[in-house]
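Participant: Line order of the protein sequences matches chains A and B. For the first sequence, the residue numbers in my numbering are 882 to 993. For the second sequence, the residue numbers in my numbering are 815 to 926.
If you're looking for bench data, these hints aren't it; they were derived computationally from the structure. Please note that a few of the clues may not be correct.
Stated by the list, open to error - Below, a list of computed lysine-lysine pairs in the DSSO-like style, where the Cα atoms sit at most 27 Å apart:
| no. | chain 1 | residue 1 | chain 2 | residue 2 |
| --- | --- | --- | --- | --- |
| 1 | B | LYS856 | B | LYS836 |
| 2 | A | LYS917 | B | LYS882 |
| 3 | A | LYS917 | B | LYS913 |
Stated by the list, open to error - Stretch by stretch, here's where chain A covers chain B in the computed footprint (C-beta under 8 Å, at least three residues):
| no. | stretch |
| --- | --- |
| 4 | 852 to 862 |
| 5 | 909 to 922 |
Since the model is a prediction, treat every value here as computed from it, not as a measurement. In this text, a Cβ means the ideal position worked out from N, Cα and C, and glycines have one as well.
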Amino acid sequence: ETGVTQTPRHLVMGMTNKKSLKCEQHLGHNAMYWYKQSAKKPLELMFVYNFKEQTENNSVPSRFSPECPNSSHLFLHLHTLQPEDSALYLCASSQGGGASQFFGPGTRLTVL
Amino acid sequence: GENVEQHPSTLSVQEGDSAVIKCTYSDSASNYFPWYKQELGKRPQLIIDIRSNVGEKKDQRIAVTLNKTAKHFSLHITETQPEDSAVYFCAASRGANSKLTFGKGITLSVRP
Numbered sequence: 882e883t884g885v886t887q888t889p890r891h892l893v894m895g896m897t898n899k900k901s902l903k904c905e906q907h908l909g910h911n912a913m914y915w916y917k918q919s920a921k922k923p924l925e926l927m928f929v930y931n932f933k934e935q936t937e938n939n940s941v942p943s944r945f946s947p948e949c950p951n952s953s954h955l956f957l958h959l960h961t962l963q964p965e966d967s968a969l970y971l972c973a974s975s976q977g978g979g980a981s982q983f984f985g986p987g988t989r990l991t992v993l
Numbered sequence: 815g816e817n818v819e820q821h822p823s824t825l826s827v828q829e830g831d832s833a834v835i836k837c838t839y840s841d842s843a844s845n846y847f848p849w850y851k852q853e854l855g856k857r858p859q860l861i862i863d864i865r866s867n868v869g870e871k872k873d874q875r876i877a878v879t880l881n882k883t884a885k886h887f888s889l890h891i892t893e894t895q896p897e898d899s900a901v902y903f904c905a906a907s908r909g910a911n912s913k914l915t916f917g918k919g920i921t922l923s924v925r926p
């Protein structure tokens, strides 16, 4: 597997469920990101990690909890989500915060 | 911080015509400007980028121009084809140790 991978690709969950999204990058990058992309809306940056340390949290509700155990893996733990959280969640990585970002295929999340 | 704006928000052109998508940025210290293409249902992908030490860069049918004085950069697509239909995002940063800021995206439609 090369580039940035994400699992699962599709997820349907109820508001009381707990699930996790996984991202893995095989590019040797040191920065990883979570974005939310709702229909016909721009990319919304959620979290940024540099060398496993969280460097940015854009006022994301606590029902989204990120985890970065190492520079290659990034998780987004979900609990007690709302229907308006339904969106495409994209992971990205880069070599440095201001460099080109490489995106994963995304997880299409539907909250019922 | 940096503010990146894209105009217009939508653009429709006839197949074979040229398309120009413009972005403006606010931080005069920004020196790296990538462009991403996101086809429907797919991930954003880097298509071309430019650094502030050059004014223009070409890659087949696409080119990017940079005007540092006016703080704007543009994506030029010649001989447009239906497969060029997508959302195009521009971005700007001060380099690898800073933050990459995305614009809101422009939807390009190429009419057959």
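Participant: Does each hint fit the structure? Answer for all of them.
Facilitator: Hints, one by one, checked against the model:
1. B:LYS856 to B:LYS836: holds (23 Å)
2. A:LYS917 to B:LYS882: violated (31 Å)
3. A:LYS917 to B:LYS913: holds (17 Å)
4. 852 to 862: Since 5 is at least three, the answer is holds.
5. 909 to 922: holds (count 10)
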